[in-house]
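*Asks:* Here is what each chain is made of, one letter per residue.
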Amino acid sequence: DAGVIQSPRHEVTEMGQEVTLRCKPISGHNSLFWYRQTMMRGLELLIYFNNNVPIDDSGMPEDRFSAKMPNASFSTLKIQPSEPRDSAVYFCASSLEGGQPQHFGDGTRLSIL
Amino acid sequence: AQSVAQPEDQVNVAEGNPLTVKCTYSVSGNPYLFWYVQYPNRGLQFLLKYITGDNLVKGSYGFEAEFNKSQTSFHLKKPSALVSDSALYFCAVRPNQAGTALIFGKGTTLSVSS
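Which chain is which? The protein sequence lines are A and B, in order.
If you're matching positions, the first sequence starts at 14 in the numbering used here and goes up one per residue.
If you're matching positions, the second sequence starts at 7 in the numbering used here and goes up one per residue.
Among the hints, a few may not be true.
Taking lysine-lysine pairs in the DSSO-like style, the calculated list, with each CA pair at most 30 Å apart, reads [unchecked claim]:
1) K55(B) with K37(A)
2) K81(A) with K112(B)
3) K83(B) with K37(A)
4) K91(A) with K112(B)
With the Cβ distance kept under 7 Å, some of the chain B side facing chain A (calculated, not the full set) [to be verified]:
5) L50
6) F52
7) K55
8) Y67
Calculated from the structure, these hints are not laboratory results.
Glycine included, every Cβ here is placed at the ideal spot set by N, Cα and C.
Using the sequences and the accompanying hints, generate a full structural model.
*Replies:* And the structure:
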């Protein structure tokens, strides 16, 4: 069965540009998570949704970051305007509610020049 | 504040030797406990979890983990390490309450030499 699908896998863009990362969770999963991973800060939770509703966005760095989940099969993470310090690997994960494990996509490697 | 600690940034073992990757947590109640592994350029992969029951949990690829409630620890173990086990390992804890996400440790790099 298909896992969590993220696109694009790699994104290189110039500072100031808008960046949109996309995620398709595993069908039937009702929780979706966005993470950022860097060498300096490790794995950080940015935001998570339950049943398409944002539950906790306290990890979103600043107003330049926004996330949406218009339906159960799609989510986006947008950065506008992008800055070089946003360069990182961004992961999306999904799970069922309760004590079920999260399933991760292979990430989007974002480089802001 | 609730937290997860992986006290070792790196663990080095020789192939065939037993390995242990340590994890302790500070979370109230009876949390759910997880281990994940990350290979280069890949997302995290679920290895095993503890919710309740037997303190020794078996997972994928021959890994197991031992839950110790009094020490609030959940150490990852394998009796005989393989070179292919070399990767980044994350311990994670989910408080047993609705509307909470996983709390991840900083990760431990396991290096298995031949």
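*Asks:* All the hints need checking, so say for each whether the structure fits it.
*Replies:* Here is how each hint holds up against the structure:
{"no.": "1", "hint": "K55(B) with K37(A)", "result": "holds, 24 Å"}
{"no.": "2", "hint": "K81(A) with K112(B)", "result": "holds, 27 Å"}
{"no.": "3", "hint": "K83(B) with K37(A)", "result": "violated, 33 Å"}
{"no.": "4", "hint": "K91(A) with K112(B)", "result": "holds, 25 Å"}
{"no.": "5", "hint": "L50", "result": "holds, 5 Å"}
{"no.": "6", "hint": "F52", "result": "holds, 4 Å"}
{"no.": "7", "hint": "K55", "result": "holds, 6 Å"}
{"no.": "8", "hint": "Y67", "result": "violated, 15 Å"}
This entry does not satisfy hints 3 and 8, going by the numbered hints stated previously.
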